Amino acid sequence: MQFFFEVLIGGLLAGVMYSLVALGFVLIYKASGVFNFAQGAMVFFAALTFVGLQEKTGLPFWIVLALTLAVMILLGVLTERIVLRPLVNQPQITLFMATIGLSFLLEGLSQLIWGSDVRRLDLGLQDEPIQVVMDRFGILISKFDLAAAAVAGVLVGVLAVFFNKTRIGRALRAVADDHQAALAVGIPLQQIWSIVWSVAGFVALVAGLLWGARNGVQFALTFVALKALPVLILGGFESILGAIVGGLIIGAAEKLAEVYLGPLVGGGIEGWFAYMLALLFLLVRPEGLFGEKRIDRV
Amino acid sequence: MFYREAGQFKTSYAADQQLFPIRQDRIAMLALLVLAVAVVPLIASNYVLTAILLPFLVFALAALGLNILTGYAGQLSLGTAAFMAVGAVAAYNFQLRIPGMPVLGSFVLGGLTAALVGIGFGLPSLRIKGFYLAVATLAAQFFIPWLLVKVSWFSNNSSSGVISAQPVVILGFAFDSPVRKYLLVLAIVALMALAAKNLVRSSIGRAWMAVRDMDVAAEVIGIRIMRTKLIAFAVSSFYCGVAGALYASVYLGSVEADGFNLDLSFRILFMVIIGGVGSILGSFLGAAFITLMPIALDRLLPWAAELLNLNLPAGVTSMVQLVVFGALIILFLIVEPHGLARLWQIGKEKLRLWPFPY
Chain C
97 MQFFFEVLIG GLLAGVMYSL VALGFVLIYK ASGVFNFAQG AMVFFAALTF VGLQEKTGLP
157 FWIVLALTLA VMILLGVLTE RIVLRPLVNQ PQITLFMATI GLSFLLEGLS QLIWGSDVRR
217 LDLGLQDEPI QVVMDRFGIL ISKFDLAAAA VAGVLVGVLA VFFNKTRIGR ALRAVADDHQ
277 AALAVGIPLQ QIWSIVWSVA GFVALVAGLL WGARNGVQFA LTFVALKALP VLILGGFESI
337 LGAIVGGLII GAAEKLAEVY LGPLVGGGIE GWFAYMLALL FLLVRPEGLF GEKRIDRV
Chain E
178 MFYREAGQFK TSYAADQQLF PIRQDRIAML ALLVLAVAVV PLIASNYVLT AILLPFLVFA
238 LAALGLNILT GYAGQLSLGT AAFMAVGAVA AYNFQLRIPG MPVLGSFVLG GLTAALVGIG
298 FGLPSLRIKG FYLAVATLAA QFFIPWLLVK VSWFSNNSSS GVISAQPVVI LGFAFDSPVR
358 KYLLVLAIVA LMALAAKNLV RSSIGRAWMA VRDMDVAAEV IGIRIMRTKL IAFAVSSFYC
418 GVAGALYASV YLGSVEADGF NLDLSFRILF MVIIGGVGSI LGSFLGAAFI TLMPIALDRL
478 LPWAAELLNL NLPAGVTSMV QLVVFGALII LFLIVEPHGL ARLWQIGKEK LRLWPFPY
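From first to last, the protein sequence lines stand for chains C and E. All residue numbers in the first sequence are consecutive under the working numbering, ending with 394. All residue numbers in the second sequence are consecutive under the working numbering, ending with 535.
I should point out that these hints are in silico values taken from the structure, not numbers from a laboratory. Since this is a predicted model, take the numbers as computed values, not measurements. Glycine included, every Cβ here is placed at the ideal spot set by N, Cα and C. Be aware that one or more of the hints could be misleading.
[To be verified] Beyond 10 angstroms from chain E on every Cβ pair, some chain C residues (computed):
| # | residue |
| --- | --- |
| 1 | F99 |
| 2 | F100 |
| 3 | E102 |
| 4 | G106 |
| 5 | L279 |
| 6 | Y356 |
| 7 | G387 |
[As the list claims (entries may be wrong)] The calculated SDA-like cross-link candidates involving lysine to any residue, where the alpha carbons are at most 20 angstroms apart (straight line), are:
| # | chain 1 | residue 1 | chain 2 | residue 2 |
| --- | --- | --- | --- | --- |
| 8 | E | K327 | C | I336 |
| 9 | E | K374 | E | P198 |
| 10 | E | K306 | C | R381 |
| 11 | C | K389 | C | Q314 |
| 12 | C | K389 | E | K374 |
| 13 | E | K374 | E | L407 |
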């Protein structure tokens, strides 16, 4: 039983890390209806830029963080100007393809600038079990995972406040509800999109730092996006809460399946299990847990 | 002036239904076929045949399959490569396990197996729509290659999981040289393209397009959604399966299931988007573009580097290629979101009016 809980908690904490990436997808989809496949590449780009700047300049953590954030914001604004603006009013699939192109571009560009070596990223957090819990319950919980979960929690809180209480946040929600109505009441659509992409860049930076510190900053970071997609459809494309809950479900189920189901079928199931789970879930609820229910009218 | 498609002078149903109602088109198509069958094998080098024309034809077939599903029936799929893998492995096994199995028969059976699997993974499309469906098809993309690798029976217990395709011999005639392989693939692809062209203008094709444009409206006017969507998945997977079988046994000779990865699926999706969604011609144009672009970049980049006096290490070239590829795709979508097929259409319009466009 102890082992079960250990696996479960480990899975839940890993799920939070998935949620972090899924959050970036949700933000952009909510505000502009774009399914941003480049989110994984953005995570990679952010992490690599951070590490690269740290190596090159040797500045303290917070200054490098601010610089990287500036780069991500610049990237968001440029994406809006160069990629999205000319593609206004195109079908969603076209925009989706454009973001795949963007992900190639980012993957190539970041490695061109910073090189393609695997790098270590040190956030000052050790990936070691917490002693107190270890002694009391005999369950291994990594300090790092817990800290990552805390960061994700704070991030969601900040985003919730940003979306609900600030002027820009309300404008974002208005745009998400109805582009044309938002334009009609005088919300500058293009400015809003730049902001959304910048916020998504910020989320990508946080996710990149945490994932990079855990697995090393390397090309494999881009595959993190593939982990986030089942979370996304399970939780619903439009829901921040969905991304969190979906992440927890996927994370826990995946870890449990890996431990209990994996040996039965010969292992290696982590590549597809989350997708199959999400697929079965969708058969019951076609728009995910918290997605908007669409009513089709002729 | 140059392209005479004005006027409707049809007096019979047969004339109304012909594939190429304009004589110019008929002549051009015939010339193209003669060129492809008779002239190309004479002048093309082995490199051109094996590195450009063979992959172009095979990918065009796969793109055709995806275009039927995505372009005509409106169901976005990211699992194309998985269905190709099913076709490849099934064709291999049919040849291996059934003595005296004709090669073409195994291709067809491979395609049919892929169609069955396609129907299985198409079932969710009855409830799931749009990007939810696209992500759900990723389940096929990750699950099928895993299964094919895990169950070693599929690769005849080969330790590396690589299947080495049997030599292609039809009625005692061995298709072993590049020219022969090219002609075989050309014949199959041309026939299947013709079938696809006829299929999309039949009642099934019209039903697909109705479902694509609005499935609720289609249902209201009496189109059976379930049947229509599942047929689309089956036909599309059949095309992808045959393409996979050709990819494995004629083009590469030996493949492993892991080779049918997400990148391949994306590449085929790019072909469809860049060529033109919902266009048979577009599948070919897109396949040509995506096949030729990396080769062209390979040639051009060292040349450009020399021109600018840069010394590029090998790793950098592949990165630059990635960047240029991504940028070109974005540029392409911005300039012509409807793909190369639309450009061709615009060109025809222009030629019709030229030189008096008023």
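Each hint tested on the structure:
1. F99: holds, 26 angstroms
2. F100: holds, 26 angstroms
3. E102: E102 (chain C) clear of chain E: closest Cβ-Cβ about 27 angstroms, beyond 10 angstroms.
4. G106: Non-interface label stands for G106 (chain C): nearest chain E Cβ at 22 angstroms, farther than 10 angstroms.
5. L279: L279 (chain C) is indeed farther than 10 angstroms from all Cβ atoms of chain E, at 21 angstroms.
6. Y356: holds, 18 angstroms
7. G387: violated, 8 angstroms
8. E:K327 <-> C:I336: violated, 36 angstroms
9. E:K374 <-> E:P198: This hinted pair holds, its Cα atoms lying about 14 angstroms apart.
10. E:K306 <-> C:R381: Holds - the C-alpha atoms of R381 (chain C) and K306 (chain E) are around 12 angstroms apart, at most 20 angstroms.
11. C:K389 <-> C:Q314: Violated: K389 (chain C) and Q314 (chain C) sit about 38 angstroms apart, past 20 angstroms.
12. C:K389 <-> E:K374: It is violated: about 37 angstroms lies between the C-alpha atoms, which goes past 20 angstroms.
13. E:K374 <-> E:L407: Distance ~19 angstroms between K374 (chain E) and L407 (chain E) Cα, so the pair holds.
Violated hints for the displayed structure, listed by number in ascending order: 7, 8, 11, 12.
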